[in-house]
Every structure is written in structure tokens, then in C-alpha cells.
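Engineer: So the chains spell out like this:
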Amino acid sequence: DAMVIQNPRYQVTQFGKPVTLSCSQTLNHNVMYWYQQKSSQAPKLLFHYYDKDFNNEADTPDNFQSRRPNTSFCFLDIRSPGLGDAAMYLCATSGQGEETQYFGPGTRLLVL
Amino acid sequence: GDSVTQMEGPVTLSEEAFLTINCTYTATGYPSLFWYVQYPGEGLQLLLKATKADDKGSNKGFEATYRKETTSFHLEKGSVQVSDSAVYFCALIVSGGSYIPTFGRGTSLIVHP
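Going line by line, the protein sequences match chains R and B.
If you read the first sequence in our numbering, its first letter stands for residue 118, the second for the next number, and so on.
If you read the second sequence in our numbering, its first letter stands for residue 254, the second for the next number, and so on.
These are computed hints drawn from the structure, not numbers from a lab.
Using N, Cα and C, we set each Cβ at its ideal position, and we do this for glycine too.
Some clues are possibly wrong.
Taking lysine-lysine and the BS3-like style, the derived pairs with C-alpha atoms no more than 30 Å apart in a straight line are [unchecked claim]: (1) R:Lys161 / B:Lys330; (2) R:Lys155 / B:Lys330; (3) R:Lys169 / R:Lys155; (4) B:Lys330 / B:Lys309; (5) R:Lys134 / B:Lys302; (6) B:Lys313 / R:Lys161; (7) R:Lys134 / B:Lys313.
Sample of chain B residues at the chain R side, in silico, Cβ under 10 Å [as the list claims (entries may be wrong)]: (8) Tyr289; (9) Gln291; (10) Gly296; (11) Gln298; (12) Ser348; (13) Phe356; (14) Gly357; (15) Gly359; (16) Ile363.
Pairwise CB distance ranges, derived in the manner of DEER restraints [unchecked claim]: (17) B:Ser332 / R:Phe190: 40 to 48 Å; (18) R:Gly199 / B:Ser267: 37 to 45 Å; (19) B:Glu322 / R:Gln131: 53 to 61 Å; (20) R:Gly199 / B:Thr279: 32 to 40 Å; (21) R:Gly133 / B:Thr279: 35 to 43 Å; (22) R:Tyr167 / B:Gly282: 16 to 24 Å; (23) R:Ser157 / B:Thr279: 17 to 25 Å.
Looking at chain R on its own, in the form it has when it is part of the complex (with noise of 0.2 Å):
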């Protein structure tokens, strides 16, 4: 099946220490898009990719980074994280002018 799939689904980090965040994709789709979610929240969007074109949000802060060395994987980097960091991180995708998103089931990344 066609899917989205994100590892590692738990990540401990310490305070400071930077972390990655893998996202793949076999849908073949040109967009991906990384959202933050913490609990009892919406879904924060902190940056996207039309193919290899990067598009950061406004209020996305500097310590977070992200790379797509291709179309299948989109990778968080997360610099220094801090105790706020703490949420639970989702990579979706869709396809070219498609409106429906297709989501991972998400990285939930403690920081001690």
C-alpha cells in the first residue's frame, strides 16, 4: 500500500542535544509538508517542500531545519531542542493541486 511512514515513532532527546526526524513517502507526490502538534492542538505547519522548493513559515523558529534530498524523503532537523519542543511531529504529503493531505502517523519527541 501506498503510505506515508515516519521513524522512529518515539524519539527521546536531551535538552540541547539535536535530533533528526525521517519522513518517507511511496505516493510519489511533489509536496511534502512537516507540521507540529501539541496536545489538544491543531496541527501548526512549520514548513513545506513543492518539490525541492523550500517555503518556511513565518513564525517557524531558526532552530528548526529541514532537508529533502529527494522525492521520497523529507527529513526535521531540530538544532537544540528545548523542553517547548515537545510535541508530537507530522509529515504529510499530497500530490500537485490536490487539496486532500496525506499524514504519517507522527514522531512523538520527548525532551528530557
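Knowing the structure of chain R, use the given hints to seat chain B on it.
Structural biologist: Then chain B, alone, in the frame of chain R:
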């Protein structure tokens, strides 16, 4: 700007009860409207959508009708099951824009046996 307002949760129901989750929106253009569902520990998945006024989206016994006159897209189900326990997000995308959805805050549904 565009916004989506959902009723506060949690909504707690007994199995086989009737469900309504209210959603209203404000949009500068002509939006498409969506309901996404998030089961515990999982990502969001599309439940249903409607792209123009008076359209009815339906899936898995859930329905929602795009009401332009009341700017609403309320989610309904005639008989809920324990397995419907999840968080439900209403969302919109304005046509001709960036295809980035505006989500509501989500409404938690808890169904008891």
C-alpha cells in the same frame, strides 16, 4: 484571514447515540471543506470533504453538508461506536490559494460502551 471554529470538547456519548460536532468557518474566497480524524497515537486521516455549496461529504456513516448561507460544515453520525473515539478536525482550503489547510482546534469524541 481564514479561520475555522469547532465546538469545544470533549464530547462524551454512549454507544449508538447521535453525534453532531459543529464547525463554522470564515474564508476570503470559496473554500473546500474537510473533516480529518486522528485516532489515538496516529496521524490525521481524511474522513470526508465537500468542495462546493450544498455538497454532502460522507464516509463510514459520517456526513457533513457544506452550508454556504450559515458558513458551516457540521459533522454528524446517526449511531456512534466505541471505535469512533478520536479527535476530529475541521479544515478548509481556499480555492486558488496555496493548498495549505487551515485547521480548527479539534474536538475530542469519547464513546462509552
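Engineer: Go through the numbered hints given earlier and state which of them the structure violates, listing their numbers in rising order.
Structural biologist: 5, 7, 16
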